[in-house]
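Residue numbers (full-length UniProt numbering), protein chains in the order written: chain G, 1 to 369; chain H, 1 to 285.
There's no promise every hint is true.
Away from chain H, derived, C-beta distances all over 12 Å, residues of chain G [unchecked claim]: (1) Gly158; (2) Ala164; (3) Leu233.
Derived Cβ-Cβ restraints for the label pairs, each shown as a range [stated by the list, open to error]: (4) G:Thr34 / H:Gly24: 47 to 55 Å; (5) H:Phe17 / G:Arg283: 33 to 41 Å; (6) H:Arg152 / G:Arg283: 17 to 25 Å; (7) H:Ser91 / G:Gln172: 42 to 50 Å; (8) H:Glu243 / G:Ala328: 41 to 49 Å; (9) G:Val300 / H:Ile126: 28 to 36 Å; (10) H:Val122 / G:Ile137: 56 to 64 Å.
Simulated from the structure, these hints should not be mistaken for laboratory data.
Glycine is no exception: its CB is placed at the ideal position from the N, C-alpha and C atoms.
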Amino acid sequence: MTTTVEPNGAHGATDPEAPARVITVSGLTTRLATEQGDVTAVEDIDFHVDAGEVLGIVGESGCGKSVTAESVMRLLDEKTADYSGTVEFDGTDLLSVSESRMRQYRGGRISMIFQDPMSSLNPVFTVGQQLIETILIHQPMSKEAAKQHAIDALEQTGIADPHARINDYPHQLSGGMRQRVMIAMALICEPALLIADEPTTALDVTTQAQILRLIDDLRRAHDMATILITHDLGVVAEVCDRVMVMYLGEAVEAGPVRDILDNPQHPYTRGLLASTPGVDTDRTQPLPTIPGRVPTLYDVPAGCRFAARCPFAEDACRENRQQLTEIAAGRSVRCWKAVDGLIDAEAGAPNDGESAPPTGDHRAEGGER
Amino acid sequence: MTENAPVLEARELTKTFTLRNAIGFKTSEVHAVDGVSFSIQPGETYGLVGESGCGKSTTGRMLQALIEPTSGDIVFHGQPISEFSRAEQQSYRSKVQMIFQDPNSSLNPRKRIGSILNETLVIQGIRDKAERRKRIVSAIEEVGFGEEHLVRYPHEFSGGQRQRIGIARALVTHPEVILCDEAVSALDVSIQAQILNLLNRIQEEHGLSYLFISHDLSVVRYVADRIGVMCKGKLVEEAPVDELFAHPKDEYTKKLLDSIPHAHPRAAAAAATASGATAGEGGTR
Numbered sequence: 001m002t003t004t005v006e007p008n009g010a011h012g013a014t015d016p017e018a019p020a021r022v023i024t025v026s027g028l029t030t031r032l033a034t035e036q037g038d039v040t041a042v043e044d045i046d047f048h049v050d051a052g053e054v055l056g057i058v059g060e061s062g063c064g065k066s067v068t069a070e071s072v073m074r075l076l077d078e079k080t081a082d083y084s085g086t087v088e089f090d091g092t093d094l095l096s097v098s099e100s101r102m103r104q105y106r107g108g109r110i111s112m113i114f115q116d117p118m119s120s121l122n123p124v125f126t127v128g129q130q131l132i133e134t135i136l137i138h139q140p141m142s143k144e145a146a147k148q149h150a151i152d153a154l155e156q157t158g159i160a161d162p163h164a165r166i167n168d169y170p171h172q173l174s175g176g177m178r179q180r181v182m183i184a185m186a187l188i189c190e191p192a193l194l195i196a197d198e199p200t201t202a203l204d205v206t207t208q209a210q211i212l213r214l215i216d217d218l219r220r221a222h223d224m225a226t227i228l229i230t231h232d233l234g235v236v237a238e239v240c241d242r243v244m245v246m247y248l249g250e251a252v253e254a255g256p257v258r259d260i261l262d263n264p265q266h267p268y269t270r271g272l273l274a275s276t277p278g279v280d281t282d283r284t285q286p287l288p289t290i291p292g293r294v295p296t297l298y299d300v301p302a303g304c305r306f307a308a309r310c311p312f313a314e315d316a317c318r319e320n321r322q323q324l325t326e327i328a329a330g331r332s333v334r335c336w337k338a339v340d341g342l343i344d345a346e347a348g349a350p351n352d353g354e355s356a357p358p359t360g361d362h363r364a365e366g367g368e369r
Numbered sequence: 001m002t003e004n005a006p007v008l009e010a011r012e013l014t015k016t017f018t019l020r021n022a023i024g025f026k027t028s029e030v031h032a033v034d035g036v037s038f039s040i041q042p043g044e045t046y047g048l049v050g051e052s053g054c055g056k057s058t059t060g061r062m063l064q065a066l067i068e069p070t071s072g073d074i075v076f077h078g079q080p081i082s083e084f085s086r087a088e089q090q091s092y093r094s095k096v097q098m099i100f101q102d103p104n105s106s107l108n109p110r111k112r113i114g115s116i117l118n119e120t121l122v123i124q125g126i127r128d129k130a131e132r133r134k135r136i137v138s139a140i141e142e143v144g145f146g147e148e149h150l151v152r153y154p155h156e157f158s159g160g161q162r163q164r165i166g167i168a169r170a171l172v173t174h175p176e177v178i179l180c181d182e183a184v185s186a187l188d189v190s191i192q193a194q195i196l197n198l199l200n201r202i203q204e205e206h207g208l209s210y211l212f213i214s215h216d217l218s219v220v221r222y223v224a225d226r227i228g229v230m231c232k233g234k235l236v237e238e239a240p241v242d243e244l245f246a247h248p249k250d251e252y253t254k255k256l257l258d259s260i261p262h263a264h265p266r267a268a269a270a271a272a273t274a275s276g277a278t279a280g281e282g283g284t285r
């Protein structure tokens with residue numbers, strides 16, 4: 001997919017055969033000081049994103065997917081957050097540059113879209129004023145030129161009549177329109193990396209489909225690297241090239257999106273996929289569920305973090321911390337049983353979700369107590 | 001009551017909200033719900049889907065008698081609720097219960113679970129203390145908790161657990177119909193599956209009817225028997241689930257179905273072949 005980048009794209013310098021690496025995150029660990037004590041919100045995260053590629057980060061609430069994004073952008077309050085590891089972007093380690101330097105990256109070379117477009121836009125300024133401010137911070141130009149630039153950006157995101165909309169306040173726009181404005185603002189300085197944190201969660205399905213298509217079109221047009229954070233596996237399937245599944249602050253599985261969805265290896269990924277109702281789910285059977293619930297970060301289990309909820313767990317799992325292990329090129333999983341192929345053997349054919357639910361549904365209910 | 005008579009019916013329900021300016025003059029009218037009719041059979045789950053602002057929640061609130069319709073009737077066991085006496089109205093409220101979207105804001109944080117459930121029964125006029133106790137214990141056990149949980153406060157529970165308590169609260173009055181307004185939308189997938197299974201089990205055991213209001217078509221497909229699709233205040237299509245997914249008739253329904261992102265590879269392939277006529281954009285990658 002990444003090789004289909006048009007050679008005459010905006011940043012045509014890249015060789016389409018070998019897309020440029022935009023960001024490399026290694027060993028990223030973020031500790032947060034909270035009133036109840038210190039927690040490690042994300043631990044030892046490794047990933048990279050190439051130009052024109054979309055990496056999906058999925059997981060349920062509290063898994064650390066947003067903290068990962070905020071750490072890359074260094075958005076957490078540094079009085080309470082402590083980062084370690086490296087975030088290499090443009091040959092620089094973002095975690096070690098000064099705050100003022102970091103501010104030049106944010107909204108310029110790296111930008112971010114948030115879930116709730118209403119609270120991310122300033123209600124007392126017009127859309128145009130906010131867009132122009134963003135442009136002028138990063139690119140010195142006349143106000144007139146910036147205004148034209150803002151209108152073009154709005155037009156590019158599919159907003160009808162951008163000349164009129166630019167004078168509107170955020171409350172005058174619909175949810176989908178506001179998200180388009182956020183995208184226009186994020187893309188206005190042609191970032192090399194876009195981080196989208198649940199960009200469509202607050203939107204209706206038809207609007208979601210439009211926004212996802214828009215993000216997809218724009219990353220192709222600009223050869224932009226994208227990190228898409230979501231809890232929705234359907235969204236991942238639609239737009240991502242590769243995906244990283246997170247659970248309780250750790251990456252549990254990573255690889256090409258089709259591989260992961262067609263042939264999930266980690267018991268958590270299997271459970272997540274099986275418990276998502278799809279259009280071919282058997283309605284006469286109870287949904288397979290993941291028993292229990294996610295432990296809090298204050299009592300992270302010593303061994304495998306998923307062991308307590310895992311139908312395949314043994315004593316060895318509960319005692320030993322699991323390592324993220326490569327099982328094929330670009331494909332890794334944090335589960336020794338999956339690495340040894342034992343999960344497939346116990347669960348039956350991996351792709352046959354209906355006849356062999358990967359999680360025991362007899363334990364479906366009441367497990368949360 | 002005859003066999004197969006609907007439990008609850010909406011007949012030409014209409015709700016118009018009047019917008020007023022700051023000094024109280026009428027500026028315009030919004031037709032939130034416009035002539036919506038459907039019926040729910042005993043033991044059936046009726047799914048009501050549509051996008052935000054289509055009027056599905058307003059319809060739910062009218063059925064719950066939280067707001068009055070501008071015109072049209074809500075008919076419970078063949079009798080319009082507008083003709084109910086005060087006592088009948090109260091009994092209607094206990095027979096038609098509601099589960100809300102946000103389990104965090106729908107439970108009073110300063111009350112213990114037992115007291116929250118008890119309050120519901122006191123309001124319903126059940127004077128016998130032992131009877132209240134019996135119902136509360138049986139409801140809390142039904143959703144997978146024990147008596148010991150009754151003395152706890154809502155903050156001691158997780159989101160999914162609180163939603164179970166919301167279900168227990170709906171069950172204490174021994175309802176016939178439960179209106180679930182986006183009841184699982186705020187939950188994570190693995191927890192959502194637990195709650196959906198619980199709702200299905202309770203329905204089987206008690207022969208309850210559900211009105212399941214949701215924007216999530218995959219979830220509605222899993223729980224509902226029939227689906228009504230709302231768009232801009234009107235019911236644009238109604239069909240049994242399989243029929244609706246296989247042969248959607250209305251253009252808006254087709255658009256809605258095409259927009260569902262598919263996580264499951266086989267589903268994506270099936271959707272791509274099924275909607276072959278509508279220029280395959282998503283799904284194919």
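Results of checking the hints against the structure:
Under the 12 Å C-beta cut-off, the non-interface status given to glycine 158 of chain G relative to chain H holds; the minimum distance is some 14 Å. Every beta carbon of chain H lies more than 12 Å from that of alanine 164 of chain G, the smallest distance being close to 21 Å; the non-interface claim holds. Annotated as non-interface, leucine 233 of chain G brings its C-beta within 12 Å of a C-beta of chain H; the closest such distance is 3 Å. At about 48 Å, the beta-carbon gap between threonine 34 of chain G and glycine 24 of chain H stays in the expected band of 47 to 55 Å.
At about 36 Å, the beta-carbon gap between phenylalanine 17 of chain H and arginine 283 of chain G stays in the expected band of 33 to 41 Å. Restraint check, arginine 152 of chain H to arginine 283 of chain G: a C-beta distance of roughly 34 Å breaks the suggested window 17 to 25 Å. In this structure, serine 91 of chain H and glutamine 172 of chain G meet the distance hint of 42 to 50 Å, their C-beta atoms being roughly 46 Å apart. The supplied range of 41 to 49 Å is met by glutamate 243 of chain H and alanine 328 of chain G, whose beta-carbon atoms lie about 42 Å from each other.
Taking the beta carbon of each, valine 300 of chain G and isoleucine 126 of chain H are about 45 Å apart, not inside 28 to 36 Å as hinted. Between valine 122 of chain H and isoleucine 137 of chain G the beta carbon distance is about 59 Å. The supplied range of 56 to 64 Å therefore holds.
Hint compliance for this structure: hints 3, 6, 9 are not met, and every other hint is.
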